[in-house]
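These two chains come separately, so use the hints to put the complex back together.
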Amino acid sequence: DIQMTQSPASLSASLGETVTIECRASEDIYNGLAWYQQKPGKSPQLLIYNANSLHTGVPSRFSGSGSGTQYSLKINSLQSEDVASYFCQQYYDYPWTFGGGTKLELK
Amino acid sequence: EVQLQQSGAELGKPGTSVKLSCKVSGYNIRNTYMHWVNQRPGKGLEWIGRIDPANGNTIYAEKFKSKATLTADTSSNTAYMQLSQLKSDDTAIYFCAAMVIPGGYVMDAWGQGASVTVSS
Numbered sequence: 013d014i015q016m017t018q019s020p021a022s023l024s025a026s027l028g029e030t031v032t033i034e035c036r037a038s039e040d041i042y043n044g045l046a047w048y049q050q051k052p053g054k055s056p057q058l059l060i061y062n063a064n065s066l067h068t069g070v071p072s073r074f075s076g077s078g079s080g081t082q083y084s085l086k087i088n089s090l091q092s093e094d095v096a097s098y099f100c101q102q103y104y105d106y107p108w109t110f111g112g113g114t115k116l117e118l119k
Numbered sequence: 004e005v006q007l008q009q010s011g012a013e014l015g016k017p018g019t020s021v022k023l024s025c026k027v028s029g030y031n032i033r034n035t036y037m038h039w040v041n042q043r044p045g046k047g048l049e050w051i052g053r054i055d056p057a058n059g060n061t062i063y064a065e066k067f068k069s070k071a072t073l074t075a076d077t078s079s080n081t082a083y084m085q086l087s088q089l090k091s092d093d094t095a096i097y098f099c100a101a102m103v104i105p106g107g108y109v110m111d112a113w114g115q116g117a118s119v120t121v122s123s
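So the protein lines, in turn, are chains A and B. Residue 13 is where the first sequence starts when you use the numbering used here, and the numbers rise one by one after that. Residue 4 is where the second sequence starts when you use the numbering used here, and the numbers rise one by one after that.
Derived by calculation from the structure, the hints in this document are not laboratory data. Just so we're clear, the structure is a prediction, and the values are computed from it rather than from any experiment. Heads up, a few of these hints could be off.
Derived pair list, reagent style BS3-like, types lysine-lysine, alpha-carbon separation capped at 30 Å [to be verified]: (1) A:K86 <-> B:K46; (2) A:K54 <-> B:K68; (3) B:K90 <-> A:K115; (4) B:K66 <-> A:K115; (5) A:K54 <-> B:K70; (6) B:K66 <-> A:K51.
Pulled out of the complex, with its shape left as it was, chain B reads as follows (with noise of 0.2 Å):
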């Protein structure tokens, strides 16, 4: 079964970073792209973008474009994302996705969601 374990709830002050990581389990994320949605309180889902493990290669939503970095490490099968210049509109819940379905391009593996609030 995949499983996909996120780190724990962020607080942090404005015009400060934090760093989510995201550790995969019982797949191999090279064999992936990960990706990571938003989602701010009583609001929609977003996209942020995604990473290809196995090269580095990224793609991001314009919005999101310097505000998010996305890293992995395939030595410890886990996908980082950080969040920079942070701003009270950043209080959300992250969550990272993979694709796992043969032949899928979908997310279909979530993880449980990291909380951030931003607040001085």
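Chain A on its own, in the form it takes in the complex (with noise of 0.2 Å):
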């Protein structure tokens, strides 16, 4: 199985101040990655695709990068609305594979 390491697994940053969450792979997943969104009590919600497609109706100041084994979500200028919890996925291989999540606060 492919194993999926997101980093950090928790996050506290300001309003307006960019955040980085990372995800790398165990092995190359050829772009084949997903983000999520999740907020309590909620289903997840994808935010990226193909590891740099920005999902329809998700805000632009989100954005994916990577490739091989190294991923990363960007969010640009913090917004209140955003305090969840983000997953990565990988998906070119079975089984899907989630990272542990990342817990993003507002300090």
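Set out below in structure tokens:
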């Protein structure tokens, strides 16, 4: 199975700040990577797919980048509504696997 | 608009089974794979498996091969997951998800989740 290592596990940032979350795959996943946002009590919502494609309706302050085994999610100009948990997930190969998640809080 | 409506919360006794449903509206499930994901209390997301409703083909994560059974009814546009031999460790929220983006291969439409609690 492809292991997804996500960091940091938690993150505290101020409004307007830029934050970056990293995800490392145990092998090359050829950009088969998605990022999800999950708020408490809600289902995950797709933000980014194919490593860098912004899903419809997602604010442009979210962006994804990376290749091979290293990927990142960047949030520019942090807003209060961005407080949530974020998960990366590879869909290059079965079984699909998720990173452990990053809990983003306001400082 | 694509919507996935999951069945309600379940309370199951250890050793019994529960069957969850996921009814899709706004999209024909024959044109997608239906995935299931769980989330244990306070934990991350875990992929269980997926079914191709067009032919019934399934793929499971190894640890769920004897735990989950995925089926689909294309006539009612509904996917199902049965969890068998329930243990306390199966207590979790279970989500169904579909791939709707044209040419996409990612879970972009999700159900609201169904809580399963295993307790005697």
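Those earlier numbered hints the structure runs against, lowest number first: none
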